[in-house]
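Colleague: These protein sequence lines are chains A and B, in that order.
Per our numbering, the first sequence runs over residues 1 to 254.
Per our numbering, the second sequence runs over residues 1001 to 1640.
Just so you know, nobody snuck in bad clues.
Straight-line Cα separation of at most 25 Å, BS3-like style, residue types lysine-lysine; simulated pairs:
no.	chain 1	residue 1	chain 2	residue 2
1	B	1544	B	1510
2	B	1510	B	1353
3	B	1578	B	1624
4	B	1143	A	147
5	B	1578	B	1619
6	B	1544	A	25
No wet-lab data here; the hints were simulated from the structure.
Bear in mind the structure is a predicted one, so any value in this text is a computation, not a measurement.
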Amino acid sequence: MDLTLQVWRQAGPNAPGRLVDYPAKDISPEMSFLEMLDIVNENLNAQGIEPIAFDHDCREGICGMCGLMINGLAHGPQLGTATCQLHMRKFNDGDTIVIEPWKAAGFPIVRDLAVDRSTFDRIIEAGGFITVPTGSASDANLTLVPKEVAEWSMDAAACIGCGACVAACPNSAAQLFTAAKIAHLSLLPQGQPERWTRVEAMVDKMEEFFGSCTNHGECETACPKEISLDFIALMNKDYMKAKFKNRRLVSQAG
Amino acid sequence: MVLELDAKIPEGDLDTLWEKHKFDMKLVNPNNKRKFDVIVVGTGLAGASAAASLAELGYNVKAFTFHDSPRRAHSIAAQGGINAAKNYHGDGDSVFRLFYDTVKGGDYRSREENVYRLAEVSLNIIDQATAQGVPFAREYGGKLDNRSFGGAQVSRTFYARGQTGQQLLLGAYQSLARVVGLGQVEMHTRTEMLDVVVKDGRAVGIVTRNLITGEIESHSAHAVVLATGGYSNVYYLSTNAMACNATAIWRAHRRGAAFANPCYTQIHPTCIPSAEEFQSKLTLMSESLRNDGRIWVSKKAGDDRKANEIPENERDYYLERRYPAFGNLVPRDVASRNAEAMINEGKGVGPLKNGVYLDFADSIKRLGEDTIRERYGNLFEMYERITDENPYEVPMRIYPAPHYTMGGLWVDYHLMTNIPGLYAIGEANFSDHGANRLGASALMQGLADGYFVLPYTIGNYLAPMLGEPLVPTDDVAFTEVESEVTERTNHWLSIKGTRSADYFHRELGKIMIAHCGMSRNEAGLKQALIEIPALYEEFKKDVKVLGSAETFNQSLENVQRVDDYFQLAELMCLDALKREESCGGHCREESQTEDGEALRNDDDFAYVAAWEWTGDPGKAEVTKEPLDFKYVKLSQRSYK
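Just chain A, same shape as in the assembly (with noise of 0.2 Å):
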């Protein structure tokens, strides 16, 4: 297959960023779109030109590294699946392909279609956790945890925290993966203790970068794992039951 690319180049955070037209050779349809990228890379290298910087490490689609803009799609035309298992097949000989990184302010660029998605991680330590210090924890089948919960619980957990929902998000929202998070501990029985604290924390500190939600629903068409819009729901009514619930604790404390 041969295919015209355009990738966005940014040579830094605050420098502009432009998209410039690179010819793709003899590409191979067994290829994933990442190894196409490798063997553009090769060939601008040889040419003298500094290759395309994009982040990908495992190319399972489970560490959430990669993540692209694919003719205006996050992680491409294949649903449920990241850019690192996308393939060329999916392609037809001469199409041109618009390669963009995730654009969102909570998410700045670091190069190219390189992008800084710490502001996850913020969310995360502002809750997302059960609090367990090393060798506190009694027997595991002391917990019992009903089948179906787990099941649900671990829908929300395969989470890979890869930004493809900002990304496709009109508002640049970040409703579904702090949802997935607050769902993945609040379901069990082990998160109970902290699900009010959590709900609030984890919400406010998610409104401090990113949009908010009008239930468009490009999220979850984006989700490499195909996370429910139903956590969202679960966590914006968790988020109002907290307003209350943690307003008694503290009236409660006195």
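Based on the hints, put chain B in the right spot on chain A.
Modeller: Chain B only, in chain A's frame:
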């Protein structure tokens, strides 16, 4: 010079050794812990669990990762599960059995005392992870479910779908995030460690490069912990993530840390065979698939029929045939070697004839497609995405690929290298898996080291140092290393050759897999020891790295890693050459039984080979730590 290696294994009975030793070790008073700074490099299972645990204890922790977030480490890609001797299913498991299986699975090349401790703390890991909210699979009654794994006859593997590594890492990451949020850990992301600083024989800090700004920085501490993973990427094509590298442990080795058993690498039996030359990495399909999949090839060499066209009586289920007791669940090394043998006999399947079938038809018939989907759904999807074939309908094709390295920095019972104050945990050390790691044991070891071993042992080193100030980063010990690192980094940009670092890495990988892969022989290894230095010379003259050292420059990051692989590759071949026995993950062709099984040589090779840097990896010097077995009876492994 021969190294002084003291494994510091305490005296006493195996089953009370660790408990007693925990009491005997020196303690740091809770109020004094904040007077100590500890650096943890790497935030995978071992690093994140160690950093979180040390910070909870009260130490000042500085953690480093080259990723954009500590949650990205390659532990995240582990699929199948984590072993623990809980015996929740009453099928005869025990700490002693897990210990025994691990020593046997490792082909009797690990320390009994370390492995016993690992089996002991496996119980605590499951408790800890469950309490953190790791959504392990459950039975209908709400209790934890288990599955079986290769090399064991009990069901002791806990799992979270096919994403166990991800969930355990998120558990450790979230614990780490909590203490980062509380200010107890200073987290440095996109920061790569490029050297260790040693002063007066002790590790006193590290030198790093900020991957975004290119700034070279020094960090001082009372102790340095390396949790930087393994080095399978030396083969170029492996199941490791693209950025996994040996730089941290290799640089530590060059500063004096002994490198143990570098040739012990694991070639994982169930990976998706490579499709073409441009392939950038290989994808693993969890070994747990062997629970329900049957491995076979056609009885006829060069059979071009499709899998479904080959009738049952013309199929060779070679593992079930050769190893009736374990069948498809033989340990990884046995499964891999047999697959290689089948392909060498011309029975390989797929377009490039480079795979064997893993067939689920029988299990789907027996259990129904829904059950199989529930157990392996995400793996089947992943397979289909990569190969465009539907494994519910046609058998998967699998082939062995480099996956894990049992070798690593030499450590004592405290997980300390021979440089005082420098620790290595998780895959970065050599300690627990001998010459072959059993499935679902990597997650166990990483978390054992990080949660339950290092936090105890490090106190023993730190306690006598109370009141000692940190070595300031403007000390000549730091400034010298800083200028070496700066010079080395800038050097790559000045070569201005013609070929990329990836090109050389691919070529190095080809040499390594051909001569230092599953099967090795003297002639091949000697050949590799000629080819590697020759290619390395070419690399140093002809590599082309563009851009600057003051920006985000992925080619520059890569070239330094490839440089370290070249040196390590030479050491691996040297170690392999000297180990004139078949053991664990590899077959030394000169050492086989009459029926072609691997033949170990306990009389001459029951030792740990600890290599010392001499300035030239091809002339490294070896010190042998003899392995003494008091509880496990050495036998030629048989899974028949």
